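S.K.: Residue numbers (UniProt numbering), protein chains in the order written: chain W, 1 to 299; chain B, 1 to 233.
By construction, these hints were calculated from the structure, which means they are not laboratory data. Given the structure is predicted, the values throughout are model-derived calculations rather than measurements. A hint or two may mislead.
[What the hints assert, rightly or not] The calculated lysine-lysine pairs, modelled on DSS-like cross-linking and capped at a C-alpha distance of 30 Å, are:
hint : chain 1 : residue 1 : chain 2 : residue 2
1    : B       : Lys76     : B       : Lys184
2    : B       : Lys112    : B       : Lys131
3    : B       : Lys76     : W       : Lys169
4    : B       : Lys131    : W       : Lys195
5    : W       : Lys195    : B       : Lys76
6    : B       : Lys131    : W       : Lys286
7    : W       : Lys169    : B       : Lys107
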Amino acid sequence: MSILITQFFNGLSLGSVMLLIALGLAITFGLMGVINMAHGELIMVGAYMTYVIQQMFAKYLPSSIDYYYFLAIPVAFFVSAFIGWGLEKWLIQYLYHRPLDSLLATWGVSLILQQIARSIFGAPNVAVLPPSWLEGGVNFAGIVFPYKRLFILLFVLVCMLILYFYLNKTPAGRRMRAVTLNRDMASCLGISSRKVDAYAFAIGSGFAGLAGCALTLLGPIGPTIGTYYIVDAFMVVILGGVGKLIGTIFGAFGIGLVSTLTEYSTSTTMAKVVIFAMIIAFLQWKPSGLVSVKTRSLD
Amino acid sequence: MLSIKNLTAGYEQSVVLENVSLKVLKGSVTAVLGRNGVGKTTLMKNVIGLVKPIDGAIEWENEDITLLSPEKRVQKGIGYVPQGREIFPTMTVEENLLLGFEAIPRKVNQSKILEEIYDLFPVLKEMLHRKGGDLSGGQQQQLAIARALVGQPQLLLLDEPMEGIQPSIVQLIREVILQIAKEKRVGVLLVEHNLDLAFSCADYFYILDRGTVVAQGDVAETNKHEIQPYLTV
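In isolation and in its complexed conformation, chain W is listed as follows:
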């Protein structure tokens, strides 16, 4: 029983990390349809920002080093969002509806960003020391739930709620959904789709930064950290169904749970194989993913 609970928890935890890295991509790729290969590097930027903030606290404010994380979160978000905004403004806006070109161009950007990180921080991985209040875990019925993992779960939950609130309850979110649904009609109502695109891309990139910030809790970070996660992130968004955020949630936790459970009964490599095989089979059956847009359309 306790093994089952542990596995289930691990699955949830993996799912939450998957969700976090896929959340930003769900906006830029899922909603806007841009294949941004540099998304992983925006995750890396967020991670390095966390590292920088931690170093600065260690140097100038050693007494409050435990709280560096609360500054690192907004800094990671805004720096990544800013880079994303620039990327959209100077590159991607010229490549809408040209998926192959944007794939190549953003891949180039990803290599540039990696090299910049290598030049500034060096090629070897660096470790970010998690705040001391995240050490240890809750002991419940003989099973230990690490605080870090619980924190990431909570973090993802908060991110999801903020994103949900933003999209569904604010005028800016409403504009974004309108542009996603029908660009021409949105502009015929007075919405500037250019501005909405720029905002949406910045927000999606900001979420990548948040993911990077969270990933520093799980292990050392390096210039290529983004490339480890970018494939998973695309997998989650495609499995979930392009264009539906709720699908991304199902996709992330689905992959997380299935992969930990198969990993437990077989091996890590086998689990990867099983996951990929299952996704391929699933997409043969439902090419539009877990959640597809269903509505009564009249015209």
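Following the hints, position chain B against chain W.
M.R.: Frame of chain W; chain B shown alone:
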């Protein structure tokens, strides 16, 4: 006043409209009639800015708007109800209506405007939290018109608003068109292929055939039988 001067327009290589001139006065309803495929919708798309003209000019309130983007034109007081309604299907009726406020950059009393809209279209108030895509065709059409009216336009472009809709709602839409023209002094450009319907609410008419204006005149002074030949298929 909307003034279209010698407009030539089309898509890619094909010219759909040739040398079309047309005026819409505030407080009056101007109908554009014509058979299917003569360029009525292309004309509308040029006025709102979704299609850019090949030649000619579009002026609104003595300002040349030929090169402005649709969102800029909308913010200058032009409302657009496209053919096929194009409401946002996965958004609620309320959200669809709220998007209408995007046309007004300044702060406005939203609830007062919405109350006026609900008076015109009572059915929308009952459906506020339903998804736009779940509404019937007639309800969607009312929503599309209401959404445009929320933006307080001074010129309303209606592209076949009564097509495929039950008679009672056609009557309601007719009354709304007359009411906003007479009471709010809105200029209405109405595209329609049904002569009787168009004449029942328009003050002035233009008839398009093969992309050019072939007849025009005051509705009150024109005998329907004279222009019927332009519209029979």
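S.K.: It remains to establish, for every hint, whether it holds in the given structure.
M.R.: Evaluation of the provided hints:
1. B:Lys76 with B:Lys184: holds (16 Å)
2. B:Lys112 with B:Lys131: holds (23 Å)
3. B:Lys76 with W:Lys169: Given that 30 Å is the threshold and the Cα spacing comes to 27 Å, the pair holds.
4. B:Lys131 with W:Lys195: holds (26 Å)
5. W:Lys195 with B:Lys76: holds (18 Å)
6. B:Lys131 with W:Lys286: holds (25 Å)
7. W:Lys169 with B:Lys107: Holds, because 18 Å separates the two Cα atoms, which is no more than 30 Å.
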